[in-house]
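These are the residues of each chain, in order.
Number of protein chains: 2
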Amino acid sequence: MEYKELNRESVLNYLKDIKKVMDYFGGDDLSAVEIGDGNLNYVYKISSIKNPKKALILKQAVPYLRCVGEEFPLGRERMTYEIRALQKFYSIFPNFIPVVYYASEDMSLVVMEFLDNHIIMRKGLINRVIYENFSEHISTYMAAMLFYTSSLSLSSSEKRELIDKFNGNTELCKLTEDLVFSFPFMEHETNDNENVKDNPDAKKLFSDMEFKEKVLELKYKFMTQNDALLHGDLHTGSIMINENETYVIDPEFAFVGPFGFDVGALLANLVNNYIHHSIVTHDEMYQEWLLKIIKEFLEKFSEKFLNFWQKTHNSGLLVDGYLDDITLQNYKNKFIKNILRDSVGYAGCKMARRVYGVAGVEEIRGIKDKTLRAKAEALALKIAREFVLKHEKIENADEILEIIKSAR
Amino acid sequence: MEYKELNRESVLNYLKDIKKVMDYFGGDDLSAVEIGDGNLNYVYKISSIKNPKKALILKQAVPYLRCVGEEFPLGRERMTYEIRALQKFYSIFPNFIPVVYYASEDMSLVVMEFLDNHIIMRKGLINRVIYENFSEHISTYMAAMLFYTSSLSLSSSEKRELIDKFNGNTELCKLTEDLVFSFPFMEHETNDNENVKDNPDAKKLFSDMEFKEKVLELKYKFMTQNDALLHGDLHTGSIMINENETYVIDPEFAFVGPFGFDVGALLANLVNNYIHHSIVTHDEMYQEWLLKIIKEFLEKFSEKFLNFWQKTHNSGLLVDGYLDDITLQNYKNKFIKNILRDSVGYAGCKMARRVYGVAGVEEIRGIKDKTLRAKAEALALKIAREFVLKHEKIENADEILEIIKSAR
Numbered sequence: 001m002e003y004k005e006l007n008r009e010s011v012l013n014y015l016k017d018i019k020k021v022m023d024y025f026g027g028d029d030l031s032a033v034e035i036g037d038g039n040l041n042y043v044y045k046i047s048s049i050k051n052p053k054k055a056l057i058l059k060q061a062v063p064y065l066r067c068v069g070e071e072f073p074l075g076r077e078r079m080t081y082e083i084r085a086l087q088k089f090y091s092i093f094p095n096f097i098p099v100v101y102y103a104s105e106d107m108s109l110v111v112m113e114f115l116d117n118h119i120i121m122r123k124g125l126i127n128r129v130i131y132e133n134f135s136e137h138i139s140t141y142m143a144a145m146l147f148y149t150s151s152l153s154l155s156s157s158e159k160r161e162l163i164d165k166f167n168g169n170t171e172l173c174k175l176t177e178d179l180v181f182s183f184p185f186m187e188h189e190t191n192d193n194e195n196v197k198d199n200p201d202a203k204k205l206f207s208d209m210e211f212k213e214k215v216l217e218l219k220y221k222f223m224t225q226n227d228a229l230l231h232g233d234l235h236t237g238s239i240m241i242n243e244n245e246t247y248v249i250d251p252e253f254a255f256v257g258p259f260g261f262d263v264g265a266l267l268a269n270l271v272n273n274y275i276h277h278s279i280v281t282h283d284e285m286y287q288e289w290l291l292k293i294i295k296e297f298l299e300k301f302s303e304k305f306l307n308f309w310q311k312t313h314n315s316g317l318l319v320d321g322y323l324d325d326i327t328l329q330n331y332k333n334k335f336i337k338n339i340l341r342d343s344v345g346y347a348g349c350k351m352a353r354r355v356y357g358v359a360g361v362e363e364i365r366g367i368k369d370k371t372l373r374a375k376a377e378a379l380a381l382k383i384a385r386e387f388v389l390k391h392e393k394i395e396n397a398d399e400i401l402e403i404i405k406s407a408r
Numbered sequence: 409m410e411y412k413e414l415n416r417e418s419v420l421n422y423l424k425d426i427k428k429v430m431d432y433f434g435g436d437d438l439s440a441v442e443i444g445d446g447n448l449n450y451v452y453k454i455s456s457i458k459n460p461k462k463a464l465i466l467k468q469a470v471p472y473l474r475c476v477g478e479e480f481p482l483g484r485e486r487m488t489y490e491i492r493a494l495q496k497f498y499s500i501f502p503n504f505i506p507v508v509y510y511a512s513e514d515m516s517l518v519v520m521e522f523l524d525n526h527i528i529m530r531k532g533l534i535n536r537v538i539y540e541n542f543s544e545h546i547s548t549y550m551a552a553m554l555f556y557t558s559s560l561s562l563s564s565s566e567k568r569e570l571i572d573k574f575n576g577n578t579e580l581c582k583l584t585e586d587l588v589f590s591f592p593f594m595e596h597e598t599n600d601n602e603n604v605k606d607n608p609d610a611k612k613l614f615s616d617m618e619f620k621e622k623v624l625e626l627k628y629k630f631m632t633q634n635d636a637l638l639h640g641d642l643h644t645g646s647i648m649i650n651e652n653e654t655y656v657i658d659p660e661f662a663f664v665g666p667f668g669f670d671v672g673a674l675l676a677n678l679v680n681n682y683i684h685h686s687i688v689t690h691d692e693m694y695q696e697w698l699l700k701i702i703k704e705f706l707e708k709f710s711e712k713f714l715n716f717w718q719k720t721h722n723s724g725l726l727v728d729g730y731l732d733d734i735t736l737q738n739y740k741n742k743f744i745k746n747i748l749r750d751s752v753g754y755a756g757c758k759m760a761r762r763v764y765g766v767a768g769v770e771e772i773r774g775i776k777d778k779t780l781r782a783k784a785e786a787l788a789l790k791i792a793r794e795f796v797l798k799h800e801k802i803e804n805a806d807e808i809l810e811i812i813k814s815a816r
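Listed in order, the protein sequences are those of chains A and U.
Throughout the first sequence, residue numbering follows my numbering, covering 1 to 408 in sequence.
Throughout the second sequence, residue numbering follows my numbering, covering 409 to 816 in sequence.
These aren't lab readings, by the way, just hints derived from the structure by calculation.
Among these hints, one or two may not hold up.
Claimed, not checked - In silico DSSO-like links for lysine-lysine, alpha-carbon gap of 27 Å or less:
id, chain 1, residue 1, chain 2, residue 2
1, A, K174, U, K612
2, U, K573, A, K88
3, U, K629, A, K334
4, A, K123, A, K300
5, A, K332, U, K611
6, U, K629, A, K390
7, U, K573, A, K174
8, U, K573, A, K332
9, A, K337, A, K375
10, A, K393, U, K708
11, U, K801, A, K390
12, U, K611, A, K390
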């Protein structure tokens, strides 16, 4: 079917021909409400009129940046990669991915489970909600997705097929290259220039060549290292959560890239939340809890990644019997430590780019009091700098916590 | 046109419809002779009967390993990548690539310049021919090909298009993964098992876990690091040479991989030739010349790569003005040193795999006297081991020569 932008009326008409969706609603009359608060796409909630709890989500990409308008073109092909990533991730470990009822790459749309008992994790964290199961869930998600889409698990040809499927996500990869690794660290029109202007901290950052050179090394790795299929934008706004369940959504930035990038993105966002509470709410208990889940998530991630590896005997990389058991274990331990190190490096880039770059996070840019916001920014930059400069020497999660705590 | 295997008769008929080829011969009557001594493909020399010096080469891939027969299938798509690589390399720097007159991916064939004044470099080196221009030529070739197909030169989207074009060369990449990095270092049916059997040196190699773990790290990088478009099999048998000209041929293993792999392949083959002369001919002067061109080629490669970089101001990686001049130079110097280090690591893998692996080199496996051959093998393994274990600490070309010389 040829691409056509849907609206609140035509969306119901469109769905009439999709059997799996009609089956879900069992013949009920339907209503559609636009609920998207996103910047990029149109999102409709489709519900049964008789039984409004019976509902699905329809998300359609338009060929421009929705929050700006048609004068800011952005290829709707991003939905192609979101669909492929949702399906791939679901096939590996369905627990953490919304069920997809229907998807069309031609129409750039996906119909999926409506998560009505869940909120965006960032909001929960700002409101100091404790999620006891989060580190367990997210470490399984990350270990499974990264391990089972890597050359440690796939055959050489399966890996190349995976790369083929995601290599075309050029436009969104380029956004990351520019907006995470380059523009936020130099004078640029996309920055939050109201804050940059006459700001000595911004000036210091832009001329911090030691930091920027390391960021460039991490950018090069981002552009050239195809370890595994990444979500590509795994901040706490891409997680829907409640006390029992964790869902990872919106993988439109998905591509085959370096292991540490997703892990680092999440680490960065947890630390940004920690900074918020240390400057704004002063809730020491919540900060302790955040440090605890950072440690848990990183340690469990490593453990689970190694467990998946333990169960895998042949892959593109490893021919069974090539190494003896001791050497193999040694190799694996070094391997996972390198993932941790890269993650810390990427976390540093991701934290720093939120300070003056185009896309801030609510925890920091949302602080209304300018003095407090400047304090939070300075703390974020301090931790980010330590992460970036020291990441290659990190030995374990405790050293990461030490950097965070001693920066205050 | 649908694929059809050509023979000595049908090849002339096929060429009748190809204007550029017919123009080259200017209406002369043609003859075809099969001249291929290759293992993989059919190669015909097409000449004018009136003027036999007027000649072109037609090379066609068949969907099996030619030297074994139809019972060993090997996708003829390898010619697709050879064609694409020849065209890409030619577009960057035509001096070192044969002119392509016609190519058809459907027919898996290419018609190109006949290099009648050139010999396979390996034969020249065995016969102790001095090529005064070689290091100048090959360093330009390598620096240009690697730099201008990397993210240091291409935009983010150009790089992804390049990956797209070569990502499908799965079968030949897999051959390298198995036959360069894995099977030659363990008991395997593909090895030269007549030599492996009851050979204490082979036993020692197969149980050398320190060496094999490092090889595994290099294999992982080969599989996941997409720095630049590689030839993929750049040994001295892939170079046609005379005193004035150097041509690089047969890029059917081409793919986007780590910078150091091609440089390392050539280094390995020059060192293998050095070993041959140090064990067999004892020609000290020729050995000195070999060491001299190794040093020259590596140093000139680095210098030219940096020169190309100096002329490039915007790329996928670098936004102009992001770093100050001193830091940028520092970054570039570290970058090129890392290429050198990887090259030494890959050279070690490539030397070691020639000893017991399926594909030997004439310089070593061709030594008829078994005692001398064993001596050459031991020397190759000794240098290879040093290369692999020490490559991450190499500072310059002199340290590489030192390893080679002190191993004797």
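Consistency of the hints with the structure:
1. For a cut-off of 27 Å, the pair hint linking K174/A to K612/U is broken: about 48 Å separates their Cα positions.
2. The suggested pairing of K573/U with K88/A holds, with an alpha-carbon distance near 23 Å, which does not exceed 27 Å.
3. Of the supplied pair hints, the one linking K629/U and K334/A holds, its CA atoms being roughly 15 Å apart against a limit of 27 Å.
4. Distance check on the hinted pair: K123/A and K300/A sit about 24 Å apart at the alpha-carbon level, within 27 Å; holds.
5. Taking the CA atoms of K332/A and K611/U, the gap is near 25 Å; set against the 27 Å cutoff, the hint holds.
6. In summary, the hint linking K629/U to K390/A is supported, as the alpha carbons are separated by about 23 Å, within the 27 Å threshold.
7. Proposed proximity of K573/U and K174/A is supported: the alpha carbons are some 19 Å apart, at most 27 Å.
8. Simply put, K573/U and K332/A have alpha-carbon atoms about 33 Å apart, too far for the 27 Å limit, and the pair is violated.
9. Restraint check for K337/A and K375/A: not satisfied, since their Cα atoms lie roughly 32 Å apart, outside the 27 Å limit.
10. Distance restraint check for K393/A and K708/U: the Cα-Cα separation of roughly 33 Å exceeds the 27 Å cut-off, and the hinted pair is therefore not satisfied.
11. The straight-line distance between the Cα atoms of K801/U and K390/A is roughly 20 Å, inside the 27 Å bound, and the hint therefore holds.
12. Of the supplied pair hints, the one linking K611/U and K390/A is violated, its CA atoms being roughly 41 Å apart against a limit of 27 Å.
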